[in-house]
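K.L.:
Remember, the numbering used here sits 67 above the position in the sequence shown when you count from 1.
Hints may contain errors.
With a straight-line cut-off of 20 Å between C-alpha atoms, the simulated EDC-like cross-links for lysine to aspartate or glutamate are [stated by the list, open to error]:
#: 1; residue 1: K372; residue 2: D283
#: 2; residue 1: K136; residue 2: E74
#: 3; residue 1: K372; residue 2: E218
#: 4; residue 1: K136; residue 2: E253
Because the hints were derived from the structure by calculation, they are not lab data.
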Amino acid sequence: MLSLKKELLASWPGLLLVLALALFSRFLHGFISQPVLSKSISEILIAVLLGLLVGNLFRLNASFRAGAKFALNRLLRLGIILLGLRLSLQDVAATGLRALALVVICISAALGMAWLAGRLFRVPPKLAALIGVGTAICGNTAIVATAPVLEADEEEMGFAVVTITLFGLLAVLLYPLIGHALGLSERAFGLWAGTAVNDTSQVVAVSAIYSPLSLDVATVVKLTRNTLMAPLIILFGLVTTRALNSSATHFTWGKLIPGFVLGFLAMALLRTLGVAAGLLPQSVSQPGELQTAATFLKTVDELSKFLILMALTGVGLNTNLSSLRRLGLKPLLVGTSVAVLLAALSLALILHSPLGR
68 MLSLKKELLA SWPGLLLVLA LALFSRFLHG FISQPVLSKS ISEILIAVLL
118 GLLVGNLFRL NASFRAGAKF ALNRLLRLGI ILLGLRLSLQ DVAATGLRAL
168 ALVVICISAA LGMAWLAGRL FRVPPKLAAL IGVGTAICGN TAIVATAPVL
218 EADEEEMGFA VVTITLFGLL AVLLYPLIGH ALGLSERAFG LWAGTAVNDT
268 SQVVAVSAIY SPLSLDVATV VKLTRNTLMA PLIILFGLVT TRALNSSATH
318 FTWGKLIPGF VLGFLAMALL RTLGVAAGLL PQSVSQPGEL QTAATFLKTV
368 DELSKFLILM ALTGVGLNTN LSSLRRLGLK PLLVGTSVAV LLAALSLALI
418 LHSPLGR
């Protein structure tokens, strides 16, 4: 609690900036949103772009950066935890188990492509491995968890994070447009976003732009990927460190299974038990005699959405576009290879299987 208070004291100017930009994004969305544009221009997309604009045009001091980071880390996780109240455990299990084979296939293909592209473009093996594991599993969280296993240095970890962030931002901008162009259903798009986009914040952004149902599906699929992070990173680390003739055996156990995944499942369990006990409605649109409980669920849902909006404003503020110039072309080629394969393979599997229907 003490560290949280210190964090808030150090970051409150940045949090106020994030709050102001999030509110302005919501205002702009309401102002410019027309029937033709409403599916491609969302408040989430506006928030990310506003954050990018402010974060890269103005020299923000440490307290503003700290506030953006607080929003990205703390508020996003809280928003996702509260999102669990929208779903029952039956929903989570049904979507997660159906998508499990898709997730495993896509992760395996992405890791294999990262290894192959790294050798082809002569990228240092540790950097290629970090790009692969970040794209395949859980974005920056997976990179941070895997870097000690590989004994990767800070520069390699930084390059991998920038590469992953770049392709995630491109996904936020392009995937909803591609989804509408292909006529993907809301469920199919949620599956695609949950398997093909790497970082949790970017999965939330991409799917929220498309539709609320896409957000629900993508969140469950993404959290299914996250729960696989522990065994996959351990296995990946053992195989890779042996290939690199490394003796590294250090694992960051606390980061392998994020607490917000457990929190999300706990909220889904609470919703399930509440419905079973007759305390919560099965559907907030048809609450019956449980009007007060339905109002509570709607309020929590709106809070969750706004926390996520603030968090994704922080994503834009924390993305330094000038750092991409230091990255060089070869790591970007590896990232491009993995991202394109993952997007194409995931989409093909969804379109040619019962999952997307």
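K.L.:
With a cut-off of 20 Å on the C-alpha distance, tell me whether K372 and D283 pass.
P.N.:
Holds: K372 and D283 sit about 12 Å apart, inside 20 Å.
K.L.:
Compare the distance between the alpha carbons of K372 and E218 with 20 Å, and conclude whether the hinted pair is satisfied.
P.N.:
violated, 38 Å
K.L.:
Please work out if K136 and E74 have their alpha carbons no farther apart than 20 Å.
P.N.:
With Cα atoms ~10 Å apart, K136 and E74 stay inside 20 Å; holds.
K.L.:
Taking only the CA atoms, is the gap from K136 to E253 under or equal to 20 Å?
P.N.:
violated, 30 Å
Violated hints, in rising order: 3, 4; the structure is consistent with all others.
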